[in-house]
Each structure stands twice: as C-alpha cells, then as structure tokens.
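Engineer: This is what each chain is made of:
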Amino acid sequence: MSFSTKSIMPLTLENISYLAGHKKLLKNISCQFEAGNRYVILGPNGAGKSLLLRMCHGLIQPSEGQVRWHDTSRKDAAKYQAMVSQRTVMLRRSAYGNIDFALKARNIHKSARPDIIDRVIKRTGLGRVINEPARVLSLGEQQRLAIARAWALSPQVLFLDEPTASLDPPATHAIEELIQEISAEGTTVIMTSHDLGQSKRLATDAIFMFRGHLKEMAPAEQFFTQPTNDLAQAFINGELIWWQRRPDSDQAQATCTTLETEK
Amino acid sequence: MNDIWEALLKAVSLVLTLDTDLLEIVGLSLQLSLTAVGISLLIGLPLAALLALTKFPGRKILIVATNVFMGLPPVVVGLIVYVILSRSGPLGVLGLLFTPTAMVIAQVILVIPIVTAISRQVLEDYHQEYDELLTSLGVSKMRRISALLWDARFALTTAGLAGFGRAASEVGAVMIVGGNIDHLTRVMTTAIALESRKGDLVMALALGIVLITLALGINLAAYLITETAKRRYAA
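Protein sequence lines correspond, in order, to chains H and P. Position 114 (the first sequence) corresponds to 114 in this note's numbering; numbering is contiguous. Going from the second sequence to this note's numbering is simple: count from 1 and add 1000.
Everything labelled a hint here was simulated from the structure, so no lab data went into it. Glycine included, each C-beta is placed from N, C-alpha and C at the ideal position. Any given hint might turn out to be false.
Claimed, not checked - Think about it this way: if two alpha-carbon atoms lie no more than 27 Å apart in a straight line, the pair counts; the simulated DSSO-like pairs of lysine-lysine are:
#1 H/K79 <-> P/K1055
#2 H/K104 <-> P/K1010
#3 H/K79 <-> P/K1230
Stated by the list, open to error - Across the chosen pairs, the derived CB separations fall in these ranges:
#4 P/G1058 <-> H/A184: 50 to 60 Å
#5 H/E132 <-> P/D1131: 23 to 33 Å
#6 H/H109 <-> P/L1091: 49 to 59 Å
What the hints assert, rightly or not - Derived, one-sided and incomplete: chain P residues facing chain H with beta-carbon distance under 7 Å:
#7 P1100
#8 T1101
#9 G1138
#10 M1142
#11 Y1233
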C-alpha cells in the first residue's frame, strides 16, 4: 500500500472538552499521537473512549480546544484516515460493492479499484464471500469486511472503536492479526478497548480514561507494569474502580506523558 | 340473487374474452395512474431526500404537511383542481378541464404526499444508519443522496406502489375534473360508478374484478419486493 509523501501525523489534541447539553463528557484533554504507533484507549464504560476517538476522526467537533493535524487542515486530513466502528455499518450491497463504494468516495479511479479490492479481500480472507450481500455475512466476517474496507483506503491513521466487542475468540484473533498487519505497513492505529488482554497484545502505547478525563498516557510496557495513576492501577488489577470514587473527588488534572517509543 | 350470479358470470367472461370497451377503460386507467405516479416520483423523491437529509427553516412544517396531505379528501382535491382549471379559473385559458391531463394533475396532487412521506421516512432511517460511515468516508452530498436512493430502492418501490394504488382506486377527483366522458376520460372507477347507477351490473362487476385484481396484485408485489430485499440484502 502506498502512502502519499505528505504526513498528517502527529495528531495533537489541545485542551479539548466536549459538552452534551450541560454535561461535560470530555474534560480538558491534551495529548499527542505520533506516527506509526498503536494506541489503545482503555477505561470503563462511559469513560469517553469512543467520544475521544470520534472526535479525533472528526465525526464530532470539540466544544472547547483544538484537534490539530500536522501541517494539514482537518478537512484535508480526513482523506488520510479511516474508521471501523463498534457496530459495523454495511451498505445494502455485496461485500465487493461495499469496498468499491469506499474507494469511489475517495475518488480512486475505476480502473484502479479492482486490484486494490482484490488485495484487501485476499489479505482479510474474504474471497469466499466477496459476492455475497454484506449484511447477511456473520458478525466476524462483517467486521473483517469493515477492516478490509478501511484498509483499502490506505489510511495513514486507522481508528478502531472496540473492533472485537461482540466477537468470539477465533474471530477476535483474526481481527487482531489484521490490525498488526495494517500497523506493520506504517499505519498509525488508534483504538478503544475494554479488554485488558487485547490491549496488552496490541498496544505500543496505552491511554487510560476515566469519567471524561485522560488519566494516563504512557508506553504500553510502562503502563501495564507500573502505572502512575491509582485508578489505572486498579483497572489493570481488575478492580471495579467505578464504584470506588465519587465524581466530586475526581477533579485531578489529566496527565499526559511525552511519548518516546522504541519503534 | 340469480340476476347477480348471471351478471357476475357475464362479467367474468367479459374479462376473459378481453372485451374491447373494457380494455379501453382499463388501458386509460393504467396509463393515467402510471403517468401520475411517474410525475409524483420525480417531484416526491428529491423532496423526500431534501427533507430527510438537510436541515432548513420550515422543514418540520413541510414534514407535517406531507403527512397531513396523505389524508386529503379526493373530492375536495377534485373540486380545487376543477375551480382552477375551469373557464373562469386562473388556468382556464389552458382548456384542460375534462381532459386526461386534468385527471393526471388531480392524481399527482393526491399521490405526491404519499410518495414523499413514505420515502422521507425510509431515507431518514437509512441515513441515520449510514451517516457516520458516509461522513467517515468523506462522501459528498450528491453522492450521499444517490447512494441512499440506490440502497433504499426496494423500500422506495413500495412507496411508488402505494401511490399507484391510491391513483388507480380513487374516484372522486377524477370524476369531477375528468367528467367521465366515454372514450376520452372514462376510467375504471368512474365507469363503475356510472354503470352501477345505470343498473348495468355486468360492466361494473367486470371492471370491479379487474380493479380488485390490480389492488391485490399491487399489495402482493409490495410484499414480494420487501421479502426479496430482506432475503437478499438483509435490508
């Protein structure tokens, strides 16, 4: 997969907040995502993981603060990104038609599309179902198709929102392998997960969120062995942290360690 | 009772032998109703897409209006079109009253709200489901609309069939603006009204059989289309 020479990374969040009505769902988050890493955003339900992901991708706008791409406007940067959502949305077309549509949306010429589709179909092992209607495929196949559809776009950044949330272990394994492969091609992966095991397997960097705050961001090895935040520590130990603190005692400023990964 | 049975048998034979008078009336009915549905789709689908996909002042009012207009009494629509097209009316100079064109106009007014309201609901539901994906892919507005229309084609066909059912079975409006003139503006519903009043039950029943078959056929087609779409696309 070829990338254009222009890089939209790093992605910088500058003190962003998100308000829904009077409720602040993301609170003063600042951090930076570097090219080529695999970021896993962790945290309990309702921590704001998906919101943060969707905000990075530009599906929602921050109420305060800024989402900044390197040397690129948000509109231009969107062309170099792709997203796979938690509940896959398949068009009422064949598996092939779904990928073709995505490529057409990015103005890839008709003559170039079959080769690209062929390649991602092979690599995701969907050859058998290529002409089947996408919506009658199994959940695992639909999720692989969603990844194939995103992969076909050769994104610089791939966002994945709980990509294995409703899958069984073999299907989960297949998806994780695909994520590794896409990452190996140089694509930055930013994903959410509440599965600790999966995070350990995939992450080069971990981000821990709790009630709209970014509590910790650190290289995976450091995060999983000696997290500095006490909530992150409890989360890693498998404790039911969301019962342990009241919201009013939870005003600590979000932390963000600078990232230096050995990639 | 025997008379009725006799009439019914004769009616069936009229249908089976493809009586020319019967065919002429049925043909005109189909031609007018299909034209009306075609025009209504051309106006109603873009309007439905506009209402489903965009936000503008007055949108809610238009949505309520299309829903309310679905229940327009045909006789009143006929009366309004009659007044507008009559010699002394604003469009009287066109001389359209008591012509098939006038009947199509009345039917279009009756069918547009049905086509628009059903299509808007369908497109809105589909759009709600697709919105984030289409935004993520950076799909342009025009392509968004064409993609939704294509993916919703089965559901939209059902909207067209509902409109056709309304146009073909309606009697009040076409009677007033068409005048039920033999060989010119006589359609199935107006002919049934006339013949039954005259006591000519044979022709009335024969047309009734065709109309009922048509109505049942439309509903069957709508059902089959929906089932096929479900099976093929899990739509």
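Engineer: If any of the earlier hints don't hold here, list their numbers in rising order.
Structural biologist: Structure breaks hints 2, 3, 7, 8 and 10.
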